Each structure stands twice: as C-alpha cells, then as structure tokens.
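Trainee: Chain residues, written in single-letter form:
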Amino acid sequence: MATEFQDRVDLKTDEMIINMGPQHPATHGVLRLLLNLDGETVKHVEPVLGHLHRAQEWQGQNRTWFQYQALIDRVDYLSGMFTSWAMARACESIDGMVVPPRAEYLRVIVGEMNRITSHLLWLGTYLIDLGAMFGFPFYPFREREKLFDLFEEIAGQRMMYNYIRIGGVLRDPKPQWFDKLSKFLDEFPDRIDEYEAIVTENPIFLNRTKGIGILKQSVAKDYAVTGPCARCSGIPIDLRKDKPYSIYPEIEFESIGYNKDGDTWDRYMARILEMRESIKIIRQCLAKIPEGDIIAKKQAAGMRVKAGEGFAAVESPRGILGCYVISTGTDKPYRFRWRNPSFCNLSVLPELLVGAPIADIMAIFGSIDVILPDVDR
Amino acid sequence: MSTETKPPEPQAPLPAGQYGQFLSEHGINSERLPDSLGAETIVLAKQDLDSAIKLLRNSSEINLDLLITISGVDMADSIDAVYHLWSYSHKGELVIKVRALKTEIPQDQLPTVPSIARFWPSANWHERETYDLVGIRFTGHPYMRRILNPWDWDGHPLRRDYKQPVDCLNDKNPHSFR
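Residue numbers (our numbering), protein chains in the order written: chain A, 1 to 377; chain B, 378 to 555.
Only chain B is shown next, with the shape it has when bound in the complex (with noise of 0.2 angstroms):
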C-alpha cells in the first residue's frame, strides 16, 4: 500500500488587516504577508506608496507619524524597501514593503523606488543610506547621494553579489603598494 501524498493546497490570501483595509477603502490594493512579531506587513505597488504613506500618516484614527526607518533588503528574487511606520500618539505598528523584481531591472541600472524625502524630512537621510549600502534609487529625492561610503565608492556593499575592492594595504596582491 502506498500512501498517496496530496499535494499542499494553495494557501488562501491573508485576510486585509486594519490597515489594508483602511487603504483598501481609499482605492490602494495592497497585498497582506504574515505578521512580523505583531506588527501588520503589506506589500504596495510602487506607484501606490506615495498616496498610501500621505493617507496613512495624516488620517487622524491611522496617524502613523514616526517613521521609524527605511531599510533595503537584498532577497533572492527581488530588491525590497522596508518601511516601518509607527505612530507617536498610539501603539499602531505597520511594516510596508516595496519590491523591484530583478528580472524587471534593466541591466547595470539600480531598481528605483518613489522618494518619499519630499513631503516627510526624516526619510531624507534613511534613503540616501539606502541608495548608498544597498542601491535603490530613490526617484525625486532632493539630494540623492552616498551618505556613510565616500562620494566615489564602487558598488553597494550590502547587495549579495558585492565585490570587495582589492585591499591595497594588507593584500599579497601584485598591485597593492607592498
């Protein structure tokens, strides 16, 4: 007797949370991922997160205000902005991420997301630190250069596929000074 295997049934989309919801009923889809210790986690499309950021940080029940920091993530098929947005006056959590498929990034260019810099100053900084470790280019920042590497850094040191410069200094390279 062979036990027959079935195969997994396809997992039923997530339920919309508070937030989903809430966006939902201003007209942004956004698709619902498992919870990250607690805090909701939606993926939006990149034309939607300027829209969704403005009605979420300035609805008056949502008033997610603190932008607590923007990250980028190296994942295998894919190159996501994170934003966890927290709020000053209530215990909301909500976690947004922003995919640029690799197989949609044009060769040698960076994947681009929409800035976010223009209407909210605290995104200023954590975008430039993005564009500069993980290269996302952050379309309509004010001032998108490298902020921790120097200005004429090669490459982003926190993608998957970074090359180490040649160490000149402790190498047995031929082409190091020693």
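So here's chain A without its partners, still in its complex pose (with noise of 0.2 angstroms):
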C-alpha cells in the first residue's frame, strides 16, 4: 500500500502475519484466524480448528446407544434438538420404526422453538460483535429465557434436553404447557418488531452490513454452503421443503430466502423472517396436535438398532445437519459420523474475507452463524 509518505521516504512496507484467537472475545468459541495483512486489508485467512474437539465421534462409537444419545446435545449446544432429532431419525430409520403422531407434532414444536432461541442468541452476540450493547444480556435473551423456561419444564434440562429419542420423545407436556407456549407466541412478534425498530434500519448497522461479506452462489455451492446463508445467496434449498420429513408436509410455511445481494444485511434479514415463519409452524402444530402415544418402544439402557447403514439429515438452524450411522446389531454404534453445517459453512470464510478490512472480519463471520462446538465436535 504505497501511500504519498512512502513515496517521498523510500518505505519498503511488507505483509503482518497476526494471530486472531483462539482466545477471542467474538469467536463464538475457540476459533484461531491466522491473518495474512496488508496495511488493513485482509490478503490470506486460514482458520486454525480443533481447539473445542472432544471426539464426539469416537465417544459414539465406544458407548452404547443409550449412553450416547445424553451426550449429542454437546455437539451443537445451541440446537441440541435438532442433533438429537437427526441421530433418532438415521436410527429410526434403520430400525424401520414408525413415530407416533404426536410424537412427530411434539418435535416439530420443540425444533421451532429451538431454531427461535438458537436465532436470538444469534442476534445478541452478533450485534454486540458489531459493537452494540443491544444483545448479549438485553432484549433478545429476555425471550430466550422464557423458551428456556418452556424446554426446562419438558426436559428437565435448558441447553441440553436430550429430550427427543429414538422412537419418539421423552415427555408428554402438561395442558398448562401448551397454554403457555401459545400465550409466549401471542406476545412474539411484537417483540420481534422491537427489535427491528431498534436494528434493521438503524444507520450504523446499515453502515456495518450493508455490501460487505458477499457470498455468491458459485462459491456457496462450491463450499457446500447450505442454511440461511446459502437461501441468502439464491440457492433455494430447504431440506423441510425438498426432502420434506416428520409432519413438515402437512405444514404451510414459507422458506425464507432473502435473496437480494446475498451480504451479511440479508442474512440477519433471512434469520428475523425465520423466526417469524417459525412462530406460524408452531401455531399450526398446536392447532393440530393429536392425541396419544408419544413414543414407540420404551427405551431401556440395553437398548439395540438393527444392523444397517443410513444417512438421515434434518433442517438445523444453520444448515443441513446430518448424522451417518453404521450399526452392526451390536449394543454400540459401529460408527457414527456427523454432517456439521457449522463445519462446511466455516470454510467458505476465507473466500469472504480476502479483501476485507480487518474491522470487518467480526461483522462477516458473525453473520455465517457458526457455533465452534459443532465446527470441532
């Protein structure tokens, strides 16, 4: 970057190598980001992983089914639904179990509800990536909260339920539960509205995200980008619509993607509409949520799968989340192998940042949504 003062003295100047991470306030978690700098500008990215890996998959393949089934939360700890809701439905289906009706309506709920809370804190830690004090322990963990509340008196648990099994799920909630949850749903939205009153047209953050981060469909597809980033780019892919599982069929909803540029800005839009068409899914499924069993067969710590193999995914959060199970019959898997979105979305980083400003690395991997725990698993 040769500038007038270069010029007159001679300065040679040269690319910085700097250290972002691991220890980082706005990581998300444990990322290190070798920087490659010129002046401010971002010249090379390579993202240094493994510093939350806890073997998830050889924890999976050395304890017995039911074992493993508490621990499939930890892998992504803020939609621990939707990890346990893909291992029960690779399982399932090679079980060849059938789910019971209202078991099926009880995950449908309890996912919606997941993706909102994992949503919210989304844009808690983004904004205040961005430097607001909007997020973290203001406006959307109020919410937040009151979802953990509804999760606590099903589960037993805030973050990590373990609450949808193979075959079904764990509990039968209470009448007072639903009428709680549908009161939460009632007060919603407006407190959505809040918070866009307060960011989507707000200058600064307009400033921030508008035109920066650019993912565009070529290279999301080459990355294997899927979620609310690729929807963001034009790619409309929305595993609850191509590959409709569970009740999502008998659902109308929208698949949100806000294709305009494709920036950070359309991906914080993508997220606010989501949550909103996940308010209209939950109130479809109280209205029609049936009675009896809610799970196929009581599970006992011995419990077996069939021998088989099979790749079951579901529609997380933040992508395709993915679980690859070979069973031998045995009272363990005989492997297990996850499909992280978080893991494949994170590596298109690089692409977005070279030619970046180093200000703006925060604001763009920030709007990717990754969670490190299930990037390093």
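These aren't lab readings, by the way, just hints derived from the structure by calculation.
Predicted, not measured: the structure shown is a model, and the values here were computed from it.
Where a beta carbon is used, it is the ideal one built from N, C-alpha and C, also for glycine.
Don't take each hint at face value.
[As the list claims (entries may be wrong)] For the chain B half of the interface with chain A, some residues (derived, Cβ under 10 angstroms), not all of them:
1. Gln395
2. Leu414
3. Leu443
4. Leu444
5. Gly449
6. Met452
7. Ser455
8. Val472
9. Ser499
10. Trp502
11. Tyr539
[As the list claims (entries may be wrong)] In silico BS3-like links for lysine-lysine, alpha-carbon gap of 27 angstroms or less:
12. Lys332(A) x Lys540(B)
13. Lys216(A) x Lys241(A)
14. Lys174(A) x Lys297(A)
15. Lys243(A) x Lys474(B)
16. Lys474(B) x Lys332(A)
17. Lys540(B) x Lys221(A)
18. Lys241(A) x Lys468(B)
19. Lys297(A) x Lys243(A)
20. Lys474(B) x Lys221(A)
21. Lys243(A) x Lys468(B)
22. Lys243(A) x Lys431(B)
Both chains are given apart, each in its own frame, so use the hints to dock them into the complex.
Mentor: In structure tokens, the structure reads:
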C-alpha cells in the first residue's frame, strides 16, 4: 500500500501475519484465524480448528446407544434438539420404526422453538460483535429465557435437552405447557418488531453490514454452504421443503430466502423472517396436535439398533445437519459420523474475508452463524 | 429322514441403478450395493473416482453438486472412504464407496485415495478430517495436515486398532506426573 509518505521516504512495506484468537471474545467459542494483512486489508486467512475437539465420533463408537444419546446435544449446544433429531431419524430409519404422530408434532414444536432460541442468541451476539450493546444480556435474551423455562418443564434441562429419543420423545407436556407456549407466541411477534425497530434500519448497522461479505451463488455451491446463508445467496435449499420429513408436508410455511445480494444484512434479515415463520409453524402444530402415544418403544439401557447403515439429515438453524450411522446390531454403534453445517459453512470464510478490512472480519464471520463446538465436535 | 439343506444360492449382482447406468454409459464400471435408506450406493475403483465425480457433478441431468460429507470407515477387511453426494436442484442422492483393502495396504503405511479437493473446495476440510481421524491419505490434496487433533498427535483415533495414549494426568501409571 504505497502512500504519498512512502514515495517520499522510500519506505518498504511488508505483509504482516496476525494471530486472531483462539481466545477472542467474538469468535463464539475458540477459533484461531491466521491473518496475512497488508495494512488493514486481509490478504489471506487460515482458520485453525480443533481447540474444542471433544472426540464426539470416537465417544459415539465407544459408548452404548443409550449412553451416547445423552451426549449428542453437546455437538451443537445451541440447537440440541436438532442433533438429537438427526440421530433419532437415522436410527429409526435403520430400525424401521414408526414414530407416533403426537411425537412427530412435539418434535416439530420443540424443534422450531429451538430454532427461535438459536436465532435469538445469534442476534444478540452478532450485535455485540458489531459493537452494539443491544444484544447479549438484553432484549433477545429476555425472550430466550422464557423459551428455556418451557424447555426446562418438558426436558428438565435448559440447553442439553436429550428430549428427542429414538422412537419418539421423552415426556408428554401437560396441557398448561401448551397454554404457556401459545401465550408466548402471542407476544413474541411484538418483540421481533421491537428488535427490528432498533436494528433493521439503524444507519450504523446498515453501514456495517450492507454490501460486505457477499457470498456468490457459485462460491456457496463450491463450498457446500447450506441453511440461511445459502438461501440468501439465491439457492433455494431447505430440507423441510426439498426432502420433507416428519410432519412438515402437512404444514404451510415458506422457506425463507432473502436473496437480494447475499450480503451480511440479508443474512440478518433472513433469520429475523425465519423466526416469524417458526411462530407460524408452531401455531399450526398446536392447532393440529393429536392425542396418543409419544414413543414407539420404551427405551431401556440395553437398547439396540438393527444392523444396517444410513444417513439422515434435518434442517437445523445453520443448515443441513446430518448423521451417518453404521450399526452392526450390537449395543454400541459401529461408526458415527456427523455432518455439521457449521463445519462446511466455516470453510467458505477465507473466500469471504480476502480483500475485506480487518474491522469487518467479525461482522462477516458472525453473519454466517458458526458455532465452534459444532465445527470441532 | 434327513432334510437336505441346500447351499444358499449365490446372489445375483444387483442391476445398476440410475447413477450406475449413467457412469457405465461413460465407460466407468461400478458395483452396486444394497441401497442405504433409499439412496443408491455404489463402489468405485480408486482410479475412477476423479472422473466419475467430475461427470456426476457437471452433467446437467445428474448434477450432484452438493457434497454432503466424506467419511472414513474402518470396516473388517477394508478401509472405506464414503462420499455422500446430493444435489442443490433436485432430490437425487448417491453414496459412493471407495475401498482400500487391508491386505493391499503396505505395512506401516496409510491407505491412499485420490483427492477431489483440487476441483471441489468443500472436500478440502472433509478430507483433512478423514486423514486426521481415520488415517486415509488423500493423494494430491493441497494441504494434507491434521485439522482437529494437534499436529503432533500419534495414530488415528477412529481406527479399530487405535490405542489411547497414556493419560499423564489421571492414570496410576509410574510414568505419569503423579
């Protein structure tokens, strides 16, 4: 970067390597980025992963099915329902188990609630990343706590639910629980309006997010990006529509793709709209939910899954969350493989960051909504 | 009267599915396995992998352009690289297995499979992870290094014969710290 000053004094410039993280407050976990900088412009990025590696796949094949079920919420701790759901779907399809309809409705209800809590946390932390003290302890967390109270009532836990089990769900909520949930749904749209009034048209926010971190459609396809990030780049991929599972075919909803440019502001907007869509889905489920059993077969500690192999996926808040299971019919899985949306979406980061100023790194990184435990497993 | 037991009839090879047929039209042989949860499963030879994946990804009618995941599996007699291919535009699904027979792997060496990361960037991290955890060396990969474990880690944890390192903090081993 030659300036007038350099021309006069004949100053040599050089690229500088800066280490960002692993202990960085805005990396949503522990991510290390090796940055090559020319002045303030990023020339090259190398993400260094593995600081949160907990050997989830190794633990899967060294524990029984029943034991491992309790651990898989930790794969992606912000959307634990979806990790359980992916594993349950894989095992049920291998086993040929039919899930009772009430359990399917409950799964969709808790799944969409979990999608809302995940997007709320993203909204709070993202604004903190941008320097706005709007988020983390304030507005979005007010609603998130209410949903956590509801989760606590049915699963006994606020974040690591272990609620969706192979063959159904753990517990049938009491009628009052549904009343509380519908009361929450009545007031939640106003709360989203409140966030939007503060953020959406805020000039500082627009300056920080409009037109930066543009993810082109071809790049997104090359890097197997899924979820809201892909939909914002104009790729209409939503498993709930494309390969419908559970009771999604019976429900009317839109798959949100806010594809104007594919920049960070669009990704923000898509998540806001997705929360509104989730409200619609839960409302329809509450109206339609039938009575009946909640689990196909009561689980015991020595449970087994028939021999076979298969891959099952669900649409998590971050994209396609899949689970490849190989069972040999013993009490332990033979091989467990996770397909994590964060891992694939993060691999596109170097493409987005090159050429951006250093101050935009966190704005771009935050907008693809990566959860590091989901990356490192 | 003793009932005569017939030896089990040898199973006829499964007829090629949609993708197997497409590949054989382009001169690539594949062996079909039983479907896994509705997805066609084929076994490819190592040397055909590159051209087969390029064909499947770029042809307009097949268009399997979403690489879901690459997994390594340590089976009883072989080490498999398993590719799950989906499509962004339609519902097609294909599972490709590439086998490295354990009898053909030289002593103290890793099985090799050609890398597809050169032309498909999303394979890059998946292949590094498979190398790290299962120990398959992807030849031609631009940066074949461990990704999740530390760079100086011994062994490949998801192998069946993997031995855990001595736990230097919690073990009652004389070599440990306490």
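Trainee: Each of the hints needs a verdict: does it hold here or not?
Mentor: Tested hints:
no.: 1; hint: Gln395; in the structure: violated (17 angstroms)
no.: 2; hint: Leu414; in the structure: holds (4 angstroms)
no.: 3; hint: Leu443; in the structure: holds (6 angstroms)
no.: 4; hint: Leu444; in the structure: holds (5 angstroms)
no.: 5; hint: Gly449; in the structure: holds (9 angstroms)
no.: 6; hint: Met452; in the structure: holds (9 angstroms)
no.: 7; hint: Ser455; in the structure: violated (13 angstroms)
no.: 8; hint: Val472; in the structure: holds (7 angstroms)
no.: 9; hint: Ser499; in the structure: holds (4 angstroms)
no.: 10; hint: Trp502; in the structure: holds (5 angstroms)
no.: 11; hint: Tyr539; in the structure: holds (8 angstroms)
no.: 12; hint: Lys332(A) x Lys540(B); in the structure: holds (18 angstroms)
no.: 13; hint: Lys216(A) x Lys241(A); in the structure: holds (23 angstroms)
no.: 14; hint: Lys174(A) x Lys297(A); in the structure: holds (21 angstroms)
no.: 15; hint: Lys243(A) x Lys474(B); in the structure: holds (23 angstroms)
no.: 16; hint: Lys474(B) x Lys332(A); in the structure: holds (23 angstroms)
no.: 17; hint: Lys540(B) x Lys221(A); in the structure: violated (39 angstroms)
no.: 18; hint: Lys241(A) x Lys468(B); in the structure: holds (11 angstroms)
no.: 19; hint: Lys297(A) x Lys243(A); in the structure: holds (26 angstroms)
no.: 20; hint: Lys474(B) x Lys221(A); in the structure: holds (22 angstroms)
no.: 21; hint: Lys243(A) x Lys468(B); in the structure: holds (7 angstroms)
no.: 22; hint: Lys243(A) x Lys431(B); in the structure: holds (25 angstroms)
The structure is inconsistent with the numbered hints 1, 7 and 17, although it conforms to all the rest.
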